[in-house]
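Undergrad: For the protein sequence lines, the chains are A and B, in the order given.
Residue numbering for the first sequence follows this note's numbering, beginning at 904 and increasing consecutively.
Residue numbering for the second sequence follows this note's numbering, beginning at 95 and increasing consecutively.
Please keep in mind that the hints were generated in silico from the structure rather than gathered at the bench.
Keep in mind that a hint or two might mislead.
[As the list claims (entries may be wrong)] Sample of chain B residues lacking proximity to chain A, with all beta carbon distances greater than 12 Å (derived): (1) Ser106; (2) Leu114; (3) Gln132; (4) Lys143; (5) Lys162; (6) Ser167; (7) Thr171; (8) Ser174; (9) His176; (10) Arg194.
[Claimed, not checked] Where chain B lies over chain A, by a calculated footprint (3+ residues, C-beta under 8 Å): (11) 935-948; (12) 1005-1017.
[Claimed, not checked] If the Cβ cut is set under 8 Å, some of the chain A residues that face chain B in the computed set are: (13) Glu959; (14) Leu963; (15) Phe977.
No residue lacks a Cβ here, since even glycine has one placed at the ideal position from N, Cα and C.
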Amino acid sequence: DTGVSQDPRHKITKRGQNVTFRCDPISEHNRLYWYRQTLGQGPEFLTYFQNEAQLEKSRLLSDRFSAERPKGSFSTLEIQRTEQGDSAMYLCASSSGTGLVEQYFGPGTRLTVT
Amino acid sequence: AQSVTQLGSHVSVSEGALVLLRCNYSSSVPPYLFWYVQYPNQGLQLLLKYTTGATLVKGINGFEAEFKKSETSFHLTKPSAHMSDAAEYFCAVSPSGSARQLTFGSGTQLTVLP
């Protein structure tokens, strides 16, 4: 069990550019979640996958955001035409589908939009 | 709909003193409740969780929390603070019955004074 990993850990981009983040969940976890955390706040839910199916999306996930989990393993989160308001920590978490309810979080990707 | 309120965005205690971090929740269904800890520039680590059964739950690092349905509270305590406990603590709630999205409070920054 190597834990949830995220790449990159830090990303600085200019406004208007596209960025993509990757999350590798704990192996055999079939549920994967994305959260966004801004400074001084708790994480806010963005979206959730069970295997490759995207089952829930928050209203925070505007049209510029898209997430995929093509083979039910790793996931990517893409932000198109980044805005300064997108600057935040993007956290990925995974959980088992066998009744265990706790979510295990990765270290996050810190995005800074200049 | 669910929500979490953490009273006190900053709490300071002396080393060896009692730690009490407050969390109140609102949920339209029986909740699952969690406390997570976050160290600077890191992801969230699960301290403890309540799902069903015993209302006093023990977690890692000497922390415990008690689920009080009548008070809709899930306060986190530790009898004796250690310098290494300095971190940000988040209370979270999810609907019971499945591994669903977490709704987090805004966090409490714990400072431990020597």
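Undergrad: Against each hint, give a clear statement of whether it holds in the structure.
TA: Verification of the hints:
1. Ser106: Check passes; 17 Å lies beyond 12 Å.
2. Leu114: 19 Å, holds
3. Gln132: 9 Å, violated
4. Lys143: 6 Å, violated
5. Lys162: 20 Å, holds
6. Ser167: 17 Å, holds
7. Thr171: Correct as stated: the minimum Cβ-Cβ distance to chain A is 20 Å, above 12 Å.
8. Ser174: Ser174/B is indeed farther than 12 Å from all Cβ atoms of chain A, at 26 Å.
9. His176: Per Cβ check, His176/B is outside 12 Å of chain A; nearest 23 Å; holds.
10. Arg194: The claim breaks: Arg194/B does not keep its Cβ more than 12 Å from every Cβ of chain A (closest is about 8 Å).
11. 935-948: holds (count 8)
12. 1005-1017: Satisfied; 8 residues make the cut.
13. Glu959: Hint holds; Glu959/A Cβ to chain B Cβ min 6 Å, cut 8 Å.
14. Leu963: Violated, because the Cβ-Cβ distance from Leu963/A to chain B comes to roughly 11 Å (cut-off 8 Å).
15. Phe977: 16 Å, violated
The structure is inconsistent with the numbered hints 3, 4, 10, 14, 15, although it conforms to all the rest.
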